[in-house]
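Enquirer: Here the protein sequences come in this chain order: A and B. The numbering used here numbers the first residue of the first sequence as 1 and each following residue consecutively. The numbering used here numbers the first residue of the second sequence as 1 and each following residue consecutively.
Read the hints as simulated data drawn from the structure, not as lab findings. Worth double-checking, as some hints may not be accurate.
To be verified - Ranges of calculated distance between the beta carbons of each label pair, as one might list FRET restraints:
{"id": "1", "chain 1": "B", "residue 1": "Glu394", "chain 2": "A", "residue 2": "Asp259", "range": "50 to 58 Å"}
{"id": "2", "chain 1": "B", "residue 1": "Gln74", "chain 2": "A", "residue 2": "Glu63", "range": "53 to 61 Å"}
{"id": "3", "chain 1": "A", "residue 1": "Val166", "chain 2": "B", "residue 2": "Glu407", "range": "48 to 56 Å"}
{"id": "4", "chain 1": "B", "residue 1": "Thr417", "chain 2": "A", "residue 2": "Glu76", "range": "42 to 50 Å"}
{"id": "5", "chain 1": "B", "residue 1": "Asn124", "chain 2": "A", "residue 2": "Asn40", "range": "20 to 28 Å"}
{"id": "6", "chain 1": "B", "residue 1": "Pro164", "chain 2": "A", "residue 2": "Val166", "range": "47 to 55 Å"}
{"id": "7", "chain 1": "A", "residue 1": "Ile79", "chain 2": "B", "residue 2": "Asp436", "range": "24 to 32 Å"}
C-beta atoms are modelled at their ideal positions from N, C-alpha and C, and glycine is treated no differently.
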Amino acid sequence: MARLELNNLHAEVAEGDEKILEGVNLEVESGEIHALMGPNGSGKSTTAKVIAGHPAYEVTDGEVLLHLEEDEFGEEIEIDEDQRTWNLLDLEPNERAALGIFLGFQYPAEIDGVTMTNFLRTALNAKIEEREELFEGEEGDDEDEADEGFETSPMEGPADEGEVGVAEFQEILQEKMEALDMDERFAQRYLNAGFSGGEKKQNEVLQAAILEPSIAVLDEIDSGLDIDRLQDVSAGINALRDEQGTGILQITHYQRILDYVEPDHVHVMLDGQIAKSGDASLAAELEDKGYDWVREEVYGTA
Amino acid sequence: MSSEQDHLKETDTEARFEFKKEERSAVKSDKGLTEEVVRLISEDKDEPEWMLERRLRALKQYQNMPMPTDWPGQPDLTELDIEEIVPYIRPDVDKREGVDDWTELPDEIKDTFDKLGIPEAEKNALSGVGAQYESEVVYQNMQEQWEEKGVIFMNMDRAVQEHPEIVKEHFMTTCVPPSDNKFAALHGAVWSGGSFVYVPEGVTVNMPVQAYFRMNSEGMGQFEHTLIVAEEGSEVHYIEGCSAPKYGTHNLHSGGVEVFVGEDAHVQYSTVQNWSKNTFNLNTKRAIVEANGTMEWVSGSMGSKATMLYPCSILKGRGATDTHITIAFAGEGQDIDTGAKVYHNAPETSSTIESKSISKDGGRTNYRGLVHIADGAENSSTAVECDALMFDNESTSDTMPYMEIEESKVDVAHEATVGKIGDEDIFYLQSRGLDDDDAKKMIVAGFIEPITEELPIEYAVELNRLIELEMEGSLG
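Here chain A stands alone, though its shape is the one from the complex (with noise of 0.2 Å):
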């Protein structure tokens, strides 16, 4: 089990002085969805760029906490009572994803040239190594080997480097894009590279089942999505829910996805803060009605 928390959470725009972030308060559990909703500029997607560790943003009060248990990570890492929280700003993106936090981007980047598996296989890979350095410290134990010498040509490829071998991933990546019903040939697309919208939507959770995060925010992952595509995704999000434990912060700006992907919590975030929370019905109820009533309800004027 793994829980984010963010306390107060204050941000502004790196270069300049917006404040987006005035005091977010918000807890996401393992094995939870909650459904983060809000009209434009609200405050959500900073959120999630703040929580994965965005450059482009600065914290100027309060703090993002990860809680982890003992078996977090399964067998083989322990996790001792001393790191079983960390506190995220202090961290590097990576850092964070290697502690079971992704990112699923509302527009995410197109890599050319980078196949999805030479990617997503390198990703895995960093990602266990990042997690053997924060709990146990090793690192630069991979000096010695750079002075063996040349006893095979430098020009020979790599082989089989990584916690996860090439023909390993290979099945891991196909067994997930089937549970996707995405084609094969994704594998050996570039990443992102000539995506249509839905594609890198797709693609997203793809990323998400194989990276097996604790904590997964979904920045608006169903927008740009045709209805078929939509029951795609919701179902890989379910999944992730279901299979792997993960909790999920879910942007979204409609009721739809949460007939599909339904939700244990909903919050609305009104000018930099959460201003409302509920079940799943209070969602129905933002469908209906639009935002004005939660900010009458809120600061008692619209």
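Since the structure of chain A is already known, use the hints to place chain B on it.
Expert: The following block gives chain B in isolation, referenced to the frame of chain A:
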């Protein structure tokens, strides 16, 4: 270890190219370029009179030509003092024509090529290998099956002696005459070593042949000459690699490459250049392509202080095709000025030029290209694409794509992009678990992927790793 990138980082260090061997030479010329030096080189090689005459003629042309200084934006050559360069060093080996067994080489030379991975690559992926140390080819070997089919792969000096008829006809005559430019003239006067490749009609050499050029001594110049003659319907892929340890004074590399692509023949010429940062790399490479022949230039320019290199294809016969794929990487203090030249001199000829450049830490890359479509070369087409990736605001990248189109029935396309490595792209990869360095490496590896996929896998890996080594300089 987490990834291919890490593997490469950890099994390698820049030291691989940096090692120096004590200089042990049999013959070493004086510095500078005089008739005496040219005569000494020719005499030491026991050359026929006609070759000496060509050298002396080239020397005269060299002396009468000014240094190129007026090209727009050209690299600064003022620090290059030819009078301080030692043009000829014959290493101290027993067999003048080069051995065909690595173990017969002196230890320090064998060790050099071992460290560069050449014997291993030969075993795995090559039809033949030549290895040049200083001014001479010290190792040359080709699989027997090719010899039986009449393929010739030997060092250029030996070809002068053994195949004078072919060499006389093609050596710096119609393709790269010494009058072409000052460095071609210099090359013509003091050339030494290099490869001679002859592929008979209809023969396809299915694995590449490779030559590796290593400069070991401080302040020397290397002037190897490569002549490839591919007869009608033949096919061959030639790869050259080069490197040198770094010294405080300047080295000069001025190679000459001439390729004759016969009718329906196909030649690929691939270069991975990793000269040390004190080397001026000023080459002339050119191919003449007959009807329906194909010439492919693949160039990776990683090292050197300054490089000026514009491989050229003259599409002479109807339906001839040219492909240029070039990648340049310039770090601190480097000025890599590369590009392509194509002359469409016949109808239905086509060319495709794809250039990728990366600059960082104040380095400069420049794409300089010329496509000339002659009057009458109707139904010809050319497509030029130049992409530049900059790491920071200190680095620069220029694009100078000249077009001279004299024919109206042609298809001309040109695209250029210049961009800085994207922060959002880096963050995306970081959010998946890659650290900052690995994220940048992955983006660069992807950027050059169109180039590396053209190379045999061993070289693709080599090229990627060289770029990673260059990047580590500042990523630290």
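Enquirer: Next, verify each hint and record whether it holds.
Expert: Results for each hint:
1. B/Glu394 x A/Asp259: 50 to 58 Å: holds, 53 Å
2. B/Gln74 x A/Glu63: 53 to 61 Å: holds, 56 Å
3. A/Val166 x B/Glu407: 48 to 56 Å: Holds - the Cβ-Cβ distance for A/Val166 and B/Glu407, about 50 Å, lies within 48 to 56 Å.
4. B/Thr417 x A/Glu76: 42 to 50 Å: Since the Cβ atoms of B/Thr417 and A/Glu76 sit about 45 Å apart, the hinted range of 42 to 50 Å holds.
5. B/Asn124 x A/Asn40: 20 to 28 Å: About 58 Å separates the Cβ atoms of B/Asn124 and A/Asn40, which means 20 to 28 Å is violated.
6. B/Pro164 x A/Val166: 47 to 55 Å: holds, 52 Å
7. A/Ile79 x B/Asp436: 24 to 32 Å: holds, 26 Å
Hint violations for this structure: number 5 only, all remaining hints satisfied.
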